Amino acid sequence: MFDFLGIKKRTDKVKILVIDDEPNIVQTLQDRLEMNDYEVVTAGNGKEGLKKALQEKPDVILLDVIMPIMDGHEMLEVLRKQPDGNFSSVIMLTARSQTQDIARANACGIDDYIVKPFDLSELLEKIEVVVESRKAVAK
Amino acid sequence: MVKIAELIRDDGSEESWECELVVSGDTPVGDVLEQIVEKECEFVGVSSEDEGEPKVISRDDVVRSVLEELNNVQDEVFEVYRQIDEGVIREYGLFAEGTSWVEREKNRLEVAIENISEGVIIFDREGKVGRVNNSAKNLLGLRMDADSEEIFTEVEAIGLKELMSSKGNYHGSGGRSIKVKVGADKILQMRWTEIIDSRENHLGRIVLLRDATDEIEVEKAKSDFIMSISHELRTPLTSIQNSVSNILAGVTGKVSLKTREYLDTMKEDCHRFADLINGLLDMAKLEAGNMPVNRKVMNMSAVIDEMISVFEKEAESKGIEVFSSIEGHIPPIYADPQRIGQVLWNLLSNAIKFTDSDGGRVKVHCVECEDNVVTSVEDTGIGIAANQQKYIFNKFHQVGRQAGAGYKGTGLGLAICEGIIGMHGGSIWVESRENEGSKFFFSLPKSEPGSVLSNHLGILAERCRREDDKFAMLVARFDFPEDQQTQLRGIVRALTSNILAECDHLMVNNDDMVIQTGDFEVIFIVREIQRGHIEAITQKIHKIVENRLRKNCGEAPIVPMFGMSFYPGDSDSAGELEKTARENMEKMFES
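Residue numbers (this note's numbering), protein chains in the order written: chain A, 71 to 209; chain B, 2 to 592.
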């Protein structure tokens, strides 16, 4: 099945880190992303996510907000303060579109956000946009 | 008609006045006033049966003098009263005798004002505090014997003067309403209206205050509850929706036709469920006064066309004709296109739902009126019974299965429409006849950016003052050389509206706003709700502008200029901010 721009094989290697405390959401995201030839790593909470983010240096992080131990906001704040903390682009997956949440996320530097429940194809488009702009900046 | 007065001038000429007023000798002046207003008498004549020139007093004079009376302002007023009182024509029996009677009536009004639980503040024509009742003093935290100096200070402190002097529509008619924080933890609901006489002279303002603290807490608790439930519902829904989407996309392998049918239905059901949750959430936000409305200069016709195309397929499959009818030129309005789109979506969805197939028609009409732009969605459907019409905008009001197959809907659509239109200062209403069809109207005030901006600044300044916050105004202008005007004009205009659209999603905080103030200029208002917020937004704006410039303008000599000012800090008055921001303008990027 061709999902997206009719491209199945990617010429570039793009690594995506999925951080969400709902195992099924992580699974479905991973399956879809891998089908679209992205390399996927995962984490189940903010603390683990932070570790993986620094370890794996993903191009894009899909970050859930409401999570136990350390939520998405906190994780992002801490991440951005690290050296190299600005390497990854972040797309926030939020079930709450409260203005304060998004404003707070913006303050820590997210590149985009999408509200749950979302259309997977819409998320894929957003990922593509972020990847493109990373390439443009890298030039 | 009763002759109530006669004027016989020095030169012997006569004039007399009549009115259809029936009062007996001891009718209280309040009732007389009522009758005068009701029967629209122009004059109330007073003549002395003994001697002297009859005085002719117009109705407006009487009304005005009652108001001025309350302000304890003019001695002539008492003179008028005294004259009315003394100059009763016994035969016409208009007024009772005796000055004590006038005093009694005056006291009656005073007692009424003093004892109502709402705080009352009356401002005179010049905007000075005229009268403050005990409840108002209480609510404002003033002593009972506070003098006008202290009253005035407190009134200014809560930003009343600034708020009231700003123009702009907050409610369709009647007056404006706002919540103000007083002291550490009290929140007052303030309503105010102009006092205008029949000749449209501005006589003053009357402000009513009410303690809304408890109400706000209850609303907040309700709204927090709904927000957290929405989150709980959205999580499993996301999981289901993702799984269905993946199966359809082939992640689990080939999908048979029958399976695909089931999955498509499941996908639709997920959307329906998501709509329900969103509807509940919107309703909660509206009620808590927490719905972010991102206004910009927009065109009604564009939104109408967009929404009609969304329903084209569905209408066609039902055999219903949907079309737009825009009357003449529609001026741009200043509103949130997403929310207005939402309103149109709801109205169109209903129109199509409740109109029978084959031959049904849905028409969207739009026309400019004096102060507003009025849009209507008209259908040839089942209509609404007259006795039901007053309920349809209520929350959770649903039309039952008799509407036909298909789901009932959440019953929130129209309530949400009303909330959204209300937030924009407009009105929504319906005309309908059973079995013939319905026509839903909504009006949106024509507002130009300048006044909306100053309105917003006034309110934001007050909020920041109370909560010890700050906000910034950022002015972004796109300069280009004069001699290349003709070539670059169009490009820059498109650039400006593109940037407006892109920066829109940054403005999610209620108090943040981006507004296009000119063909080549955009102003941002950003409130610091958390440290670094203003800086983050500013950086994003720079990024967006840079990207856009590179993408759309290539090598064109367009120079973005950027100016910023802070409140408080740069200025004590919100109104001065723009001037400071413009003075601070410099090139956005180092060349």
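By construction, these hints were calculated from the structure, which means they are not laboratory data. Owing to the predicted nature of the structure, the values given are computational and were not obtained by experimental measurement. You may find that some hints are simply not true.
List time: in silico DSS-like cross-link candidates among lysine-lysine, alpha-carbon distance up to 27 Å [stated by the list, open to error]:
| no. | chain 1 | residue 1 | chain 2 | residue 2 |
| --- | --- | --- | --- | --- |
| 1 | A | K196 | B | K541 |
| 2 | A | K151 | B | K107 |
| 3 | B | K447 | A | K85 |
| 4 | B | K541 | A | K127 |
| 5 | A | K196 | A | K121 |
| 6 | B | K544 | A | K205 |
| 7 | B | K107 | A | K127 |
Comparing the hints with the structure gives:
For the proposed pair K196(A) and K541(B), the alpha carbon gap of about 17 Å is at most 27 Å, so the pair holds. Of the supplied pair hints, the one linking K151(A) and K107(B) is violated, its CA atoms being roughly 70 Å apart against a limit of 27 Å. For the given pair, K447(B) sits about 50 Å from K85(A) by alpha-carbon distance, which is inconsistent with the 27 Å threshold. At most 27 Å may separate the alpha-carbon atoms for a hinted pair to count; K541(B) and K127(A) meet this at roughly 23 Å.
Taken as a hint, the K196(A) and K121(A) pair is honoured in the structure, with Cα atoms around 24 Å apart against an allowance of 27 Å. Note on K544(B) and K205(A): the hinted pairing holds, with a Cα-Cα distance of about 15 Å set against a maximum of 27 Å. Between K107(B) and K127(A) the alpha-carbon distance is near 80 Å, which puts this suggested pair outside the 27 Å criterion.
In the structure shown, a violation is registered for the earlier hints numbered 2, 3 and 7, in ascending order.
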